[in-house]
Amino acid sequence: MGSGSGRQSLICIVISTIVVLVLLPSSSKILSGVQAQDEGKLALPVAKDCRDRILNGEFNGTRYFFSWVYEPTKDMKVTWFQARNVCRRHCMDLVSLETSEENEYIKDQLIKSAIRYTWTSGRKCNFDGCDRTDLQPVIVNGWFWSGSGIRLGPTNNTLDGDWGLEGGDGQSQPDNRELRVTGENDEACLAILNNFYGDGIVWHDIACYHKKYFVCEDNPKLLKFIADNNPGIKLF
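Each residue of the sequence shown is one higher than the last, beginning at 1 in UniProt numbering.
Among the hints, a few may not be true.
Unchecked claim - List of simulated lysine-lysine pairs, BS3-like, C-alpha gap at most 30 Å:
no., residue 1, residue 2
1, Lys48, Lys77
2, Lys74, Lys112
3, Lys234, Lys48
4, Lys74, Lys107
5, Lys48, Lys221
6, Lys221, Lys107
7, Lys211, Lys77
8, Lys77, Lys41
9, Lys211, Lys221
10, Lys211, Lys48
11, Lys41, Lys107
12, Lys41, Lys112
13, Lys48, Lys224
Hints in this document: simulated from the structure, not taken from any laboratory.
Using the sequences and the accompanying hints, generate a full structural model.
Right under this line is the structure:
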């Protein structure tokens with residue numbers, strides 16, 4: 001589901017685009033601060049929120065938060081950036097589907113709850129530094145899991161990944177349809193759609209401003225950061 005080649009250099013690109021980091025207000029409610037977030041600014045983890053984070057799924061030792069399962073967020077849909085920052089404030093990140101087994105586990109949760117779509121951490125490199133030769137064309141070679149920094153395989157390789165074979169106008173994914181049709185809004189974020197176009201439960205590229213449910217997974221680096229800076233805190 002992902003390739004480790006070019007991992008470190010791609011992470012550097014991602015970091016270089018994050019000029020400002022914001023520390024969101026600590027709150028006992030997972031919804032706090034969502035509406036106040038500026039798009040594109042990554043949130044730092046908050047010790048209290050990491051300690052009190054809600055976990056409602058586990059697979060192969062990784063723990064998850066499914067927004068539609070938790071009562072206070074069961075009807076909430078947010079943009080990709082908002083979803084990622086909710087996750088990060090709680091020492092988690094949007095889910096990175098790096099194995100076919102994890103991918104199937106997440107898809108099973110959509111089936112179980114009849115959820116039509118959810119955000120993942122999948123992102124297309126469409127910012128400064130993405131003109132690198134090895135990323136061209138970006139729609140094929142420029143996708144990565146922002147939660148882990150691991151690159152996805154080429155999107156034109158049907159044996160790597162779980163991209164849909166149809167979209168709104170019948171083209172295989174990713175198709176960047178919104179930008180092609182309207183001339184606006186690059187489809188730079190990866191969502192799982194549940195038979196939205198009659199093509200099964202598969203990956204689609206979606207413009208990041210759309211609002212969807214989301215899945216967070218524990219992020220070891222963020223958990224370690226909070227543990228190292230808050231001696232004695234219980235995070236597990």
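Structure-based check of each hint:
1. Lys48 - Lys77: Holds, at roughly 24 Å.
2. Lys74 - Lys112: holds, 14 Å
3. Lys234 - Lys48: OK: Lys234 and Lys48 at ~10 Å, within 30 Å.
4. Lys74 - Lys107: Holds. Lys74 to Lys107 sits at ~17 Å (cutoff 30 Å).
5. Lys48 - Lys221: Answer holds: Lys48 to Lys221 is near 16 Å, not above 30 Å.
6. Lys221 - Lys107: holds, 25 Å
7. Lys211 - Lys77: holds, 5 Å
8. Lys77 - Lys41: holds, 19 Å
9. Lys211 - Lys221: OK: Lys211 and Lys221 at ~27 Å, within 30 Å.
10. Lys211 - Lys48: holds, 27 Å
11. Lys41 - Lys107: holds, 29 Å
12. Lys41 - Lys112: Judged against 30 Å, a Cα distance of about 33 Å means the pair is violated.
13. Lys48 - Lys224: holds, 14 Å
In terms of the numbered hints stated before, the structure departs from hint 12 and from no other.
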